[in-house]
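Number of protein chains: 2
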Amino acid sequence: MAETMFNKVALIGLGLIGSSLAHVMRREGLAGEIAGHARSSETRAKAVEIGLVDSIHATAAEAVLNADLVIVCVPVGVCGAVAADIGPHLKPGAIVTDAGSVKATVIAAMAPHMPDGVHFIGGHPIAGTEQSGPEAGFASLFEGRWCVLTPGPGTDPAACDRLEAFWRACGSSVERMDAEHHDLVLAITSHVPHLIAYNIVGTAADLEEVTKSEVIKYSAAGFRDFTRIAASDPVMWRDVFLNNREAVLEMLGRFTEDLTALQRAVRRGDGEGLQELFTRTRAIRRGIIDAGQDEAVPDFGRRGEIVPPE
Amino acid sequence: MAETMFNKVALIGLGLIGSSLAHVMRREGLAGEIAGHARSSETRAKAVEIGLVDSIHATAAEAVLNADLVIVCVPVGVCGAVAADIGPHLKPGAIVTDAGSVKATVIAAMAPHMPDGVHFIGGHPIAGTEQSGPEAGFASLFEGRWCVLTPGPGTDPAACDRLEAFWRACGSSVERMDAEHHDLVLAITSHVPHLIAYNIVGTAADLEEVTKSEVIKYSAAGFRDFTRIAASDPVMWRDVFLNNREAVLEMLGRFTEDLTALQRAVRRGDGEGLQELFTRTRAIRRGIIDAGQDEAVPDFGRRGEIVPPE
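Taken in sequence, the protein lines are chains A and B.
The opening position of the first sequence corresponds to residue 0 in numbering that gives the first Met the number 0, with each subsequent residue numbered one higher.
The opening position of the second sequence corresponds to residue 0 in numbering that gives the first Met the number 0, with each subsequent residue numbered one higher.
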């Protein structure tokens, strides 16, 4: 167990990230006290029921009182509003961070509300599942995953080091990065993959020649992997696309350009070109497994029958 | 253990499907004898080493001698050549089937080589992993999965029933379908998903602004799911696209049409439209889980750290 790093930590938002942070902070003893806020009364009630936090608060302003570390874990579209709410109530010297998948617009929305003497540093733990809500969290979510911090030129180095130590104590590796570069990296490793997963699932659902029941029955042929990603939280992802528009459009443009070339290869029967691409992409998979970012087990460990179909 | 269904079964091709069939036939005692053929001498040697088959043959023609059931499990592009090889050597009354992911062109390539008195019925077990080769197979691959049979108007009903019973004994559910309809269904549930997975992995690999090492490090944000699919056998998939060209181009056309609309929604900041799609696609995931075609466990069961990153 690590030593207590912060006397009081406030979690603003108790979804997958907030609840996972609560679990890992408790397991590692990182916080003297955990205060939580969630907008919905159902989430607050559930958090109390499962003992997620030491105190639950109906407003974010109340939750952050006297907190040494404030972690804002809400959809990126409301980060600015949360910052406006909590700004006047933050303890001098407190560290404020977030967990959003977009950094430049979030920082632009939050930073102006941060009072002098408070250390605001954007953050993004690259971890998640398709589940959401206060019961979705688990202590090992961040283990072996990367957390990106995006300090600015005025960031206090000591505060940034403390925040980095916190994420390391949660099991993450930490990398510091420019906010704009983060947004470009995540556009290709996360945002565009989600967009095309949502898109193919939508395309399949709308077909007339192939019924929805056929799509479901024969999904084991590849499609089902996409549906997992396309089952991710709709509001969180809506906000990601609204807030990382330029980088997403840039990467999407490259994707469709490449796809057009691939479509042409299919139409022309260019077997050599297809095989060359299909061989090249295997290497990336190997790189991900070698880097410990996915398991080597085939088919994500699925081994035949799951639930007997009717 | 089911009763022996065929005195002798010949497996032409000993990759993932062929080797899985060997395992499940042994476990269930479905075949009196299993003869195997693989084109490469390495695969034949490995098959002997791991005891996959009762006899191994350097030619397909030799393997099918006296076989009651012949299952051709090779890339769809060589099915026609295999049919030409084995045609003159098939036992009268034998059932010949295949396991290819495309049916219309495979049937057109194979059927002309089938002698009178031999029952040729196209087949496709909707099951697989990203692994290939004789060591990739396992007995439960087909359990709870669907196998599609595509009998034609002249198919002997008794032979089709026997083949269906065989696949059921392997653990599959069986559906009969028109070959053209099969190809359309698989284009959307399998072929286009593979094409876009290969494509996004290729796009990511080619970026200049984002390094390959960054793509790998931050892949847990969604991208890594695509890399699994994009690690599938290059030759098998090349042949699929060359042989199901029309249906793939048709479904790909719909996908890109929808993606263009989605791109426009992102550009215009149409949050409502994005959220509506992202909510709708969740239902398909639920349908797949309810149908036993995937596990409900979040993130395919990944629970944090896999291998410590350096």
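A hint or two may mislead.
Derived lysine to any residue pairs resembling SDA-like cross-links, with alpha carbons at most 25 Å apart [stated by the list, open to error]:
1. A/K90 <-> A/H180
2. B/K211 <-> A/Q274
3. B/K90 <-> B/G143
4. B/K211 <-> A/H180
5. B/K211 <-> B/R175
6. A/K211 <-> B/D84
7. A/K45 <-> A/E2
8. B/K45 <-> B/G76
9. B/K211 <-> A/A178
10. B/K90 <-> B/D115
11. A/K45 <-> B/T278
12. B/K211 <-> A/P297
13. B/K211 <-> A/G286
14. B/K211 <-> B/D177
15. A/K90 <-> A/G28
16. A/K211 <-> B/G252
17. A/K211 <-> B/K45
18. B/K211 <-> A/A295
19. B/K90 <-> B/K211
20. B/K45 <-> A/D298
21. B/K90 <-> B/E48
22. A/K45 <-> B/D115
23. B/K45 <-> B/V173
24. A/K45 <-> A/G132
25. B/K45 <-> A/P152
26. A/K90 <-> A/E2
27. A/K211 <-> B/A295
28. A/K211 <-> B/G76
29. A/K211 <-> B/A60
30. B/K211 <-> A/K90
31. A/K211 <-> B/A260
32. B/K45 <-> B/G92
33. A/K211 <-> B/M113
34. B/K211 <-> A/F299
35. A/K211 <-> B/E271
36. B/K211 <-> A/A107
37. A/K211 <-> B/R175
What follows is a set of in silico ranges between Cβ atoms, one per label pair, in the way DEER data are often shown [claimed, not checked]:
38. B/A260 <-> A/A260: 37 to 45 Å
39. B/G268 <-> A/D289: 37 to 45 Å
40. A/A260 <-> B/G268: 38 to 46 Å
It is worth saying that the hints were derived from the structure and are not from the lab.
Glycine included, every Cβ here is placed at the ideal spot set by N, Cα and C.
*asked:* Tell me if the straight-line CA distance from B/K211 to A/K90 falls inside 25 Å.
replied: Since the Cα atoms of B/K211 and A/K90 sit roughly 41 Å apart, the hinted pair is violated (cutoff 25 Å).
**Item:** 25 Å limit on alpha-carbon distance, applied to hinted pair A/K90 and A/H180
**Value:** violated, 31 Å
### Task
Given the hint that B/K211 pairs with A/F299, test it: the Cα-Cα distance must not exceed 25 Å.
It holds: about 23 Å lies between the C-alpha atoms, which stays within 25 Å.
With the threshold set at 25 Å, check whether the alpha-carbon distance from A/K211 to B/A260 stays at or below it. Given pair A/K211, B/A260 holds - Cα atoms ~21 Å apart, limit 25 Å.
Exercise. Does B/R175 lie within 25 Å of B/K211 when you go C-alpha to C-alpha?
Worked result: violated, 45 Å
Check your understanding: Within 37 to 45 Å or not, the Cβ separation of B/A260 and A/A260?
Key -> Because 21 Å falls outside the window, the suggested range is violated.
| field | Hint consistency between B/K45 and B/G92 [alpha-carbon to alpha-carbon, up to 25 Å] | value | Cα-Cα ~31 Å, so violated.
Checklist entry - Is B/K45 close enough to B/V173, meaning Cα to Cα at most 25 Å? => result Outside the cut-off at roughly 31 Å; violated.
A/K211 and B/A295 were given as a pair; does the straight-line alpha-carbon distance stay at or below 25 Å?
holds, 19 Å
(Q) Need the status of pair B/K211, A/A295: alpha-carbon distance at most 25 Å? (A) OK: B/K211 and A/A295 at ~19 Å, within 25 Å.
- Message: What's the verdict on B/K211 and A/A107, does the C-alpha distance respect the 25 Å limit or exceed it?
- Response: Violated. B/K211 to A/A107 sits at ~28 Å, over the 25 Å cutoff.
*Are the Cα atoms of B/K90 and B/D115 separated by 25 Å or less?*
At roughly 10 Å apart (the allowed maximum being 25 Å), B/D115 and B/K90 satisfy the hint.
Taken one by one, the earlier hints fail for this structure at numbers 1, 3, 5, 6, 7, 14, 17, 19, 21, 22, 23, 25, 28, 29, 30, 32, 33, 36, 38, 40, listed in ascending order.
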